[in-house]
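**Q** Since the structure of chain A is already known, use the hints to place chain B on it.
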Amino acid sequence: MLFPSILFKNEDDIKRQPVEESAFFSDLNLNQIIDSITAGKEEYNLNPFFYTALRAVETVYYRHEVMRDMENETLMEQIKVFAERMASVRRNLELVEKLDFNYHKKGWFLEATRVYCDAVTDLAHNLSQVNLKSRGLLAFREYVTGYVKSHGFQSLLAEGTGVKDGLADLQYCVIVQSGKFSVQRYDGEADYSAKVENIFEKFRQGAVKDYRVDLHKRSGMNHIEAKILDFVSRLYPEQFAVLDLFCADHNQFMDPAISTFDREIQFYVAYLEFVSNIKRKGLTFCYPQVSTTNRELYNDAGFDLALAHSLACPEMPVVCNDFFLREPERIIVVSGPNQGGKTTFARTFGQLHYLASLGCPVPGRKAQLFLYDRIFTHFEREENIHNLRGKLQDDLVRIHNILTRATSNSILIVNEMFVSTSLKDAVFLNKAIMARVIELDLLCVSVTFIDELTSLSEKTVSMVSTVAPENPAERTFKIVRKPADGMAYALSIAKKYRLTYEQIKERIKL
Amino acid sequence: MKVFLMYPDQDFNLKQSLPPNEASLTQDLELNTIFAAMALGDEFLFEVAKQTILSSLDAPDVISYRQEILKDCLKNPTIVREIYSIPIEVSKSKRQHWIGFSLRHPGGILNRSIAMLQLFIDPLKRLRRIADEHAEKFNSEGFTRFFALIRQELSDDYFTVVENHLKQLRFRSGVLISVQLGKGNEGVNYVLRKPNRLDNHWLKRVFAKKAPVYSFTLPSSDYRGASVLGELKDRGVNLVANALAQSTDHINSFLSMLRVELAFYIGSLNLSEQLIQQGGTITIPKPVPACERRHSFTGLYDAALALTMKQKVVGNDVSADNKDVAVITGANQGGKSTFLRSIGVAQLMMQCGMFVPAELFSANLCRGLFTHFKREEDASMESGKFAEELGRMSTIVDAIRPDALVLFNESFAATNEREGSEIAWQILRALLERRIKVFFVTHLYALARRAYDKKMENAIFLRAARQQDGRRTFKLSEAEPLQTSYGVDVYNKVWETDISNGLSSGSITSEA
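In order, the protein sequences belong to chains A and B. Mind the numbering: the first sequence is residues 1 to 510 in the working numbering, read in order. Mind the numbering: the second sequence is residues 1001 to 1512 in the working numbering, read in order.
The set of hints was computed from the structure by calculation and includes no laboratory data. Take the hints with a grain of salt, since some may be wrong.
Claimed, not checked - Restricting the straight-line Cα-Cα distance to at most 27 Å, the calculated cross-link-like pairs of lysine-lysine (DSSO-like) are:
(1) A:K496 <-> B:K1374
(2) B:K1125 <-> A:K202
(3) B:K1374 <-> B:K1323
(4) B:K1094 <-> A:K209
(5) A:K505 <-> B:K1323
(6) A:K133 <-> A:K9
(7) B:K1092 <-> A:K202
(8) B:K1183 <-> A:K227
(9) A:K281 <-> A:K366
(10) B:K1374 <-> B:K1137
Same shape as in the complex, but just chain A (with noise of 0.2 Å):
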């Protein structure tokens, strides 16, 4: 039986290529979000995963389904512990390759073929045991359960077994004396440490520091230690019979269906633990409704989810913001106070849209999203002399660029365009790239200083970035749907620092 994918629906979605690293990665700070994700998961290489983004509703929905499961913490649990002791079995089979000594690699060929069995072994079993809706995971569940009960399998376990069992009951002794040791049989000898523990035992009363060395730090045999070996070799040499005859027989142990998903479910961990650290701060995700032709969207309390990781501090609050747009609006225009939070608005709409795109939960507490064909963006860059058309002709030559590559399935966020001319030129032509965007009927996200431009069409919406009531200077980093404006606010100073009566009795409590 054949099983293919636990993150791809069919065939065609396999050969899809990742998309190269283009700007608006790190312009929506993704790449950020996709390097924590992926951190000290290297050896799954899972990037290419990252980068994939989906264009069918069903494989995002495939995804959705295994990620349900997976949110299953028992299971998640069980996964992990499949996943160490695969990535056990693949460091004690580069250890084989490297050592020197004969019955040293061979036992530890022997010790990764145990492990190998523990893991697949449990792994079946586990899966028997959890409620599972997922097709690609019962899928899964179906082909392990098969190879656990396969002849080849079998005999691996079962001679492993015997095998260790035969070396683990071995005992020796080994007397060091100086510049010479020998090694006999064990023949009962008692043990001194637990004498001289005893004696001891009324001074160690709530000894908190172990001070037993760990000696078994090298993994590895010295020429000594070789020695020792042989000469228990010789002394049991049965035993030893016995492991040469399993190693020759069990060359190649490893399943590849099996090696394929210990990499690809690794997908749905890494971004699950990485959702897992923000929710701690009390942030809520959610799986969106996608469609490749619905553009009424909408998200409740959606957040820039790179802006959430870096925040080191739990207590620091992350600000959530919602949106939606309605038939025939298509692009959110934000204005409103610097430092209020806008790109951030508008980095979360994008984030928001790729996440979705790989299947992934995504940040607020209900959304739906648009299955879009490109992402771009338009933001601030830096001048570089090496560039001699000059910065504002290198904004309009980017923004050409992209409006000649999207189509109307595209996703455009613009951030502060042509803030480098004087602002009669940036309204002109403000106004004229957003004719076009309109035309094109992308939806977009724009973040601009110009007024004018949040009631350009019907298509417009105005969101504006807002301060707090009390203090004018402190931000609240809240995106409201409102016309344009600049309010300001003034409270009484005691209220700033919450020390009315009321508020006093408050915070206070009995």
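**A** Positioned in the frame of chain A, the structure of chain B alone reads:
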């Protein structure tokens, strides 16, 4: 073995975190002067004094546990100081004796532990002799338990057994280790073994089939091999080295706990001797539970001031039982701040089990002490002075809980009187309704008057008194708030002038 001289059932933790407002407390109450008097130049005593005084106890039984021990110390200062010298001498000779033992190898750990244990034996014997000779002079539960422990655990017989084993553990004639095969056929479960006594079984040995033995002698040039053998030996002695090292640690920590836990009492002795020498009195205070309201004392004085002036200072008598708030008004430099400090310091001293600088003192325990004192300078340039005051107040509100005690010293005066009084009144009212006890020194007449006119039964109004001639007595007495704080007097003193203020002198005469 536990010292338990600070708590009946737990170690004193020198590293425990201090209340978040420790810096304010230290500054506002001039605690460094107290700490320094307790330390007499010893950094360690300073640290312990600071740690103890700033981390108040909540439990009345722990406070009385310490008070009893303190009484023993005040009665037997010489013996207590002698005990304190033991851990100090040990730590000195430790520093002289072992630098250079490697802790990376069990062999090194073993040798170091043997040397250390031998060094501990004499001081421990000395400690036992003190216990034998002086135990009956001590009455407190803490010292009684401590001396009994020493006599029980550290017998001469036990010392002999230990010393014998220390000799055997040098392994002069080789190490026998049993091993098993672990992962990768690498050796595991290294167990140190006592060789079977051959002579017991000589008959058996003659008839038994000789077991095979494989031996290998290293060529003399194989230094690498020799060091591998050393490592093997290390595996064998790993556990015994651990047992000895942990024993060493335990005795070591016993001795350092002895030092830490006695340090508080040594500091208390130091402070009491200085205060008494200057003619001051000390008393063991009577705490009552935090839910009650009590503050009654006679001759309570500011120890920091006495230490700074190196003389006896004026004490105050107040009876403020069943009061939630004390509003203190009156003359500038009339002793209001000093009084407020003496309240705070006495509270901290009482709640760490110390004596209090007074003739008699009784107060309820508080769950957290907070100070909000007028600051001369604003550290941050960004916020105005009033904003800074409110910021500090907000920090206090974040941390405060019912049954706390707050000392306000001329707070909220950095704006005009009307606004300052209004904000202060709102804060005061909210705190009282949240069962927080307040001492409020203020020049805000509107505030003091408003509180007075309410005729609150749970409030007491104290005033810094002034003689007819304008001299201050530094004594506080119960009296209603006055419109002025005699700033003119201070002005006159500084400028050596004699400007009079009709309003203030008028009201004094009418009051008197």
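**Q** Next step is simple, just say for each hint if it's right about the structure.
**A** Do the hints match the structure? See the list:
no.: 1; hint: A:K496 <-> B:K1374; in the structure: holds, 20 Å
no.: 2; hint: B:K1125 <-> A:K202; in the structure: holds, 16 Å
no.: 3; hint: B:K1374 <-> B:K1323; in the structure: holds, 24 Å
no.: 4; hint: B:K1094 <-> A:K209; in the structure: holds, 19 Å
no.: 5; hint: A:K505 <-> B:K1323; in the structure: holds, 20 Å
no.: 6; hint: A:K133 <-> A:K9; in the structure: holds, 15 Å
no.: 7; hint: B:K1092 <-> A:K202; in the structure: holds, 25 Å
no.: 8; hint: B:K1183 <-> A:K227; in the structure: holds, 17 Å
no.: 9; hint: A:K281 <-> A:K366; in the structure: holds, 18 Å
no.: 10; hint: B:K1374 <-> B:K1137; in the structure: violated, 49 Å
Against the hints set out earlier in the document, a violation occurs for number 10 only.
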